[in-house]
Amino acid sequence: MKALELIGKGEEMHGRAYIKSDKEEASSIIKKLKENGFDHFVMLSCVDWIDNNEFELVYHLWSYEHKEHVMVSIILPRDNPSMSSMHELFPQIETYEREIHEMYGVDFEGNNRLTPFMLEGWHDMPPMRKDFDSKKFAEDVFDSIPEIKEEEDEGI
Amino acid sequence: MGLFDGDIMKYEDWNKISRIASRKSLWMVHFCTGCGAIELPPVMTSRYDMERFGMGPMATPRQADVLLITGYLTVKTLKRVVNVYEQMQSPKYVISFGSCPINGGMYWDSYNTVKRLDRYLPVDVYVGGCMPRPEGVMNAFLELMKLIDEGKARGWEKYQKYYEQYKRNQKMAFNFEREKDEGA
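Line by line, the protein sequences give chains W and R. Take the first sequence: its position 23, counting from 1, is numbered 23 in my numbering, and each next residue is one higher. Convert by adding 1000 to the 1-based position in the second sequence; the result is the number in my numbering.
Since the hints were derived computationally from the structure, they do not count as laboratory data. Glycine is no exception: its CB is placed at the ideal position from the N, C-alpha and C atoms. One thing to keep in mind: the hints can contain errors.
Here are the simulated BS3-like pairs of lysine-lysine, each with C-alpha atoms no more than 30 Å apart in a straight line [claimed, not checked]: (1) R:Lys1171 x W:Lys136; (2) W:Lys136 x R:Lys1076; (3) R:Lys1167 x W:Lys135; (4) R:Lys1079 x W:Lys149; (5) R:Lys1076 x R:Lys1171; (6) R:Lys1079 x W:Lys136; (7) R:Lys1076 x W:Lys135; (8) R:Lys1016 x W:Lys130; (9) R:Lys1152 x R:Lys1016; (10) R:Lys1152 x R:Lys1024; (11) R:Lys1152 x W:Lys149.
Not everything, but these chain R residues come out facing chain W in the computed CB check (under 7 Å) [what the hints assert, rightly or not]: (12) Lys1076; (13) Lys1115; (14) Arg1119.
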């Protein structure tokens, strides 16, 4: 595959190029890919591998020229995860970073817009983390809300 | 001596006429939440054509009579729904679609959807199903008209009467974290 030749490492996975990288190297890899035809940034996703105590950030890129999909994967530790922002390369990354900051609590250095995004008035831990107990939260919050007590119907 | 003092027409009779008139011209707010909104285009357009019952969509809550809750309701949307509901003029009716506003449905353990709508707003008619078919929606409209005719669709009066309780529940849902922090 074109991307694997370009970077010189990685493997093919279900018809896509899958490149494992680390924090420091990632931005140079993505920059190189961008300069060589992979100029469509598809999305940034995050996986919580709670058993290994790590997060995996995956940068998806697509090339219209080579018709190829590349995934650049970065492993971060689960405690105080932080990554450098790449919004200089692709401006739309900023929004994905905001979302992942809110849902997983990953910090992106250099992104100045890590403000509350979709959740309103949220003070608990980031809800997409696997150790967030959604069921217990729902029971605590919504089951504690009482029913409306009605008086005897006297025909309003 | 006025119109309603018994000289010209009894208050009950006038009420009955006003109910007949109001059930024949129900306008619904164009406010859709969740996935049930996709069932409304067939109901509104020529296939099922709700215009034949005198129903139509209305872009402003000030001139609308029916509020449809079409599916799951997040806490964030509930704020907007309450805003819309309180802007509507009485008499006003609420129809809830699908299983989500009844008991949470498939979002029963979700962190951001309210589970039971009747704790925050008075609901006149429930439509079960996930999602209800347009036939079910039409049936709910006819049921609502029947209830209005019999004078049983009194959710808006309940909302006025138990306003404090509804407000308390809404605030509990909106500020759940803040209250917890203050209590701790």
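Verification of the supplied hints:
1. R:Lys1171 x W:Lys136: The given pair, whose Cα atoms are some 20 Å apart, holds under the 30 Å limit.
2. W:Lys136 x R:Lys1076: The hint holds at about 20 Å.
3. R:Lys1167 x W:Lys135: Measuring from Cα to Cα gives roughly 25 Å; hence the hint holds.
4. R:Lys1079 x W:Lys149: At roughly 22 Å apart (the allowed maximum being 30 Å), Lys149 (chain W) and Lys1079 (chain R) satisfy the hint.
5. R:Lys1076 x R:Lys1171: Cα-Cα ~12 Å, so holds.
6. R:Lys1079 x W:Lys136: At roughly 23 Å apart (the allowed maximum being 30 Å), Lys136 (chain W) and Lys1079 (chain R) satisfy the hint.
7. R:Lys1076 x W:Lys135: Holds, at roughly 19 Å.
8. R:Lys1016 x W:Lys130: violated (57 Å)
9. R:Lys1152 x R:Lys1016: holds (12 Å)
10. R:Lys1152 x R:Lys1024: Within the cut-off at roughly 16 Å; holds.
11. R:Lys1152 x W:Lys149: This hinted pair holds, its Cα atoms lying about 19 Å apart.
12. Lys1076: holds (5 Å)
13. Lys1115: holds (5 Å)
14. Arg1119: At 5 Å from the nearest chain W Cβ, Arg1119 (chain R) passes the 7 Å test, so the hint holds.
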